[in-house]
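Protein chains: 2
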Amino acid sequence: MASYEPLTQSSAVALAKRLRIFEEGAVLASEEIGHGKLNLVFRIFDEKSNRGIIIKQALPYAKVVGERWLLTLKRATIESNYLLRIAEYVPTLIPKIFYLDETLAIKIMEDFSHLQTYRKGLNEGKRYPSLSKHIGTYLAKTLFYTSDFGLEPLKKKLIMQSFSNPEQCKITEDLVFTHPFFDNETNKYEQELQDDVKKVWGDQSLKLEVAKLKRKFLTEADALLHGDFHTGSIFASETETKVIDPEFAFFGPMGFDIGQFIANLLLNMISKEDEQEHEYLYKHIEETWSVFSSTFTRLWQTASVEQYHNSQSYLDYVLKQTFEDAIGFAGCEIIRRTIGLVHVADLDEIQDNDRKISVKRQALTLGKLLIKERTEILEPRILRNYINETQYI
Amino acid sequence: MASYEPLTQSSAVALAKRLRIFEEGAVLASEEIGHGKLNLVFRIFDEKSNRGIIIKQALPYAKVVGERWLLTLKRATIESNYLLRIAEYVPTLIPKIFYLDETLAIKIMEDFSHLQTYRKGLNEGKRYPSLSKHIGTYLAKTLFYTSDFGLEPLKKKLIMQSFSNPEQCKITEDLVFTHPFFDNETNKYEQELQDDVKKVWGDQSLKLEVAKLKRKFLTEADALLHGDFHTGSIFASETETKVIDPEFAFFGPMGFDIGQFIANLLLNMISKEDEQEHEYLYKHIEETWSVFSSTFTRLWQTASVEQYHNSQSYLDYVLKQTFEDAIGFAGCEIIRRTIGLVHVADLDEIQDNDRKISVKRQALTLGKLLIKERTEILEPRILRNYINETQYI
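Protein chains in written order, with UniProt numbering: chain A, 1 to 393; chain B, 1 to 393.
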């Protein structure tokens with residue numbers, strides 16, 4: 001096939017056969033398992049052994065709100081480049097890649113369909129005893145080794161060239177940092193929230209802080225980010241964790257991936273009434289940050305290429321700045337997941353409408369406070385005060 | 001010519017003839033006018049009319065301290081790309097480009113040999129009544145129009161691709177932000193300064209702040225910088241100003257160009273005993289910043305593509321941050337020009353040795369204070385206190 005064409009279940013099977021990925025005599029079947037808005041995802045498997053592979057193909061448009069947004073297929077290349085680059089640092093925490101086709105925007109990966117998205121599992125009340133350790137390690141290693149601390153600057157700037165991702169960054173710039181803070185047609189929210197939303201749009205001191213955070217996202221090329229690090233981009237079981245979908249990868253501020261992760265745990269937390277569930281999620285956030293900072297510190301001390309790495313106070317400064325940024329970015333993510341174009345099931349699927357509205361109000365207040373008071377939130381523990389404070393508003 | 005070869009006076013004349021730049025019958029002569037360490041610069045002129053052109057060719061090495069440092073010829077392409085890009089914004093403040101050859105790393109430009117470098121003119125006590133207005137305008141326009149405020153983010157990221165300049169950035173990272181703060185073999189300073197230099201190397205709170213500034217230089221892709229904006233990169237007369245030599249151009253923090261300019265005026269100032277000369281230079285710094293900030297403000301209000309541009313407090317924040325960074329970068333530049341590899345004539349050519357040493361001591365103290373206290377230096381006027389304070393140490 002010379003030019004781009006979307007796969008069907010049967011052409012996906014044909015591709016797997018042509019590439020001789022399965023043993024001779026395998027009886028191949030396929031299922032479409034993608035629920036994403038931007039890609040086709042098939043699982044092709046041998047009906048006898050049930051062993052399979054995942055075929056992912058980028059679509060040239062996004063299926064959102066009935067419309068089709070044009071998207072660049074280049075993002076499939078970015079995604080592959082990201083996975084190949086970080087395989088060096090966190091090989092067990094991403095799916096193995098077997099095959100790439102840039103023209104067709106196709107990637108064939110290790111089967112991870114026995115896992116479930118972390119978001120779905122959390123919403124079903126599942127437990128993930130290894131996850132925060134895995135994610136803390138993932139974040140520390142991918143961010144350290146692609147920053148100027150872990151990568152010689154000449155090499156870093158060459159690598160950056162293959163991660164220029166303007167179209168995908170533009171989506172985040174608009175949907176995370178801009179549209180939710182203005183009366184924009186892409187925003188989606190319940191009628192009951194109209195007054196709360198207007199307060200967001202009219203809050204000039206909030207918008208000043210969001211503008212600063214947006215500027216960081218636009219200009220600070222700290223390290224290679226996943227770029228869309230929410231709980232739906234993580235597949236997990238009790239023992240395994242696989243990070244997927246790095247189509248938004250680019251060199252950006254280190255706090256961004258961390259902040260999106262924290263935000264999505266906080267969104268899950270406020271969707272739940274059970275205090276024990278809250279406690280469980282606090283522990284996840286605290287352990288993730290603690291593993292992140294201890295792993296980052298160890299790498300800083302043993303693998304730094306930066307001549308200033310002997311300064312403990314410089315390390316402290318970098319970690320503090322990263323956490324502060326993460327909290328600010330988390331605030332933006334919480335607000336955009338509540339009133340922006342792309343919501344989360346955690347909030348939208350709350351059955352009781354009054355509760356849903358009141359939780360979304362809490363989300364807006366929480367988001368605003370995280371953004372405005374991020375310089376005072378020095379460690380994850382302090383987040384507890386913010387959840388408590390915003391609970392009955 | 002198919003491959004790179006350095007020009008001679010006669011091959012430079014031959015090139016001008018081949019390109020038919022001069023009228024038929026012109027009697028061409030040539031002079032080598034380059035005193036730079038990295039390039040050959042010839043003036044080719046018609047002996048009858050004395051009208052000429054400048055031919056600049058990048059060398060694949062730097063002539064420094066007897067050694068030859070390998071340099072990339074790509075910098076000639078970067079330089080041309082920069083001049084072509086900013087010609088749109090400040091056409092009268094750069095030389096016109098007539099011809100480019102990437103393979104030979106050659107650029108043919110408008111003759112500006114009737115002008116003199118601003119550094120040399122200042123050292124000779126010349127006056128430049130138009131210069132600070134020109135430079136303030138130059139900085140405001142080049143920085144605004146290439147930032148996310150003046151350039152649509154999709155377009156900015158595409159343009160950034162052609163300004164990746166790792167090798168030249170590395171020179172600045174080493175020579176401005178690293179080597180002068182460690183016992184590095186590239187450093188050069190008088191024996192009498194040994195104790196002062198050791199104090200710089202041992203000053204941990206200074207080094208923390210320099211590390212933060214270096215990180216900004218490494219990671220903040222704010223706007224397209226000239227990258228080497230000292231008084232030797234500016235040719236001027238009473239009425240004309242031409243900025244040259246943007247071989248270090250890249251997307252970096254807006255304060256960097258401004259800071260290098262301020263630093264080089266301060267270096268000139270402390271080299272002089274006459275209070276009137278000081279006053280003249282203060283005025284230059286103050287007017288440059290005032291023209292910069294009023295021009296930047298006008299562009300922000302009339303030509304911004306950023307949705308948050310309605311916020312006056314955001315503009316205030318950006319200007320304040322830019323000035324703070326500029327002062328920090330100025331401190332680094334002052335220190336490296338005193339004890340690093342590449343000095344300035346302003347200090348090195350002070351005839352009285354005792355005075356030279358005492359001025360260099362002042363430079364070190366001044367540089368340290370600017371770096372450490374940059375958050376408190378809110379406007380150029382305050383620099384007067386720092387010069388006075390450090391005068392008799």
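Any given hint might turn out to be false.
As the list claims (entries may be wrong) - Cβ-to-Cβ under 7 Å is the rule here; a few derived chain A residues that face chain B:
#1 L151
#2 L154
#3 Y314
Said to hold, decoys possible - Under the rule of at most 30 Å between Cα atoms (straight-line distance), these lysine-lysine pairs were calculated in the BS3-like manner:
#4 K170/B x K216/A
#5 K120/B x K320/A
#6 K155/A x K37/B
#7 K216/A x K320/A
#8 K48/B x K155/A
#9 K212/A x K37/B
#10 K242/B x K48/B
#11 K141/B x K212/A
The set of hints was computed from the structure by calculation and includes no laboratory data. Using N, Cα and C, we set each Cβ at its ideal position, and we do this for glycine too.
Structure-based check of all given hints:
1. L151: violated (11 Å)
2. L154: holds (5 Å)
3. Y314: Where the cut-off is 7 Å and the nearest Cβ of chain B is about 5 Å from Y314/A, the hint holds.
4. K170/B x K216/A: Holds - the C-alpha atoms of K216/A and K170/B are around 23 Å apart, at most 30 Å.
5. K120/B x K320/A: violated (45 Å)
6. K155/A x K37/B: The given pair, whose Cα atoms are some 26 Å apart, holds under the 30 Å limit.
7. K216/A x K320/A: The hint holds at about 15 Å.
8. K48/B x K155/A: violated (52 Å)
9. K212/A x K37/B: Between K212/A and K37/B the Cα gap is close to 40 Å, so the pair fails against 30 Å, i.e. violated.
10. K242/B x K48/B: holds (26 Å)
11. K141/B x K212/A: holds (21 Å)
Consistency with the previously given hints fails for numbers 1, 5, 8 and 9, ordered from lowest to highest.
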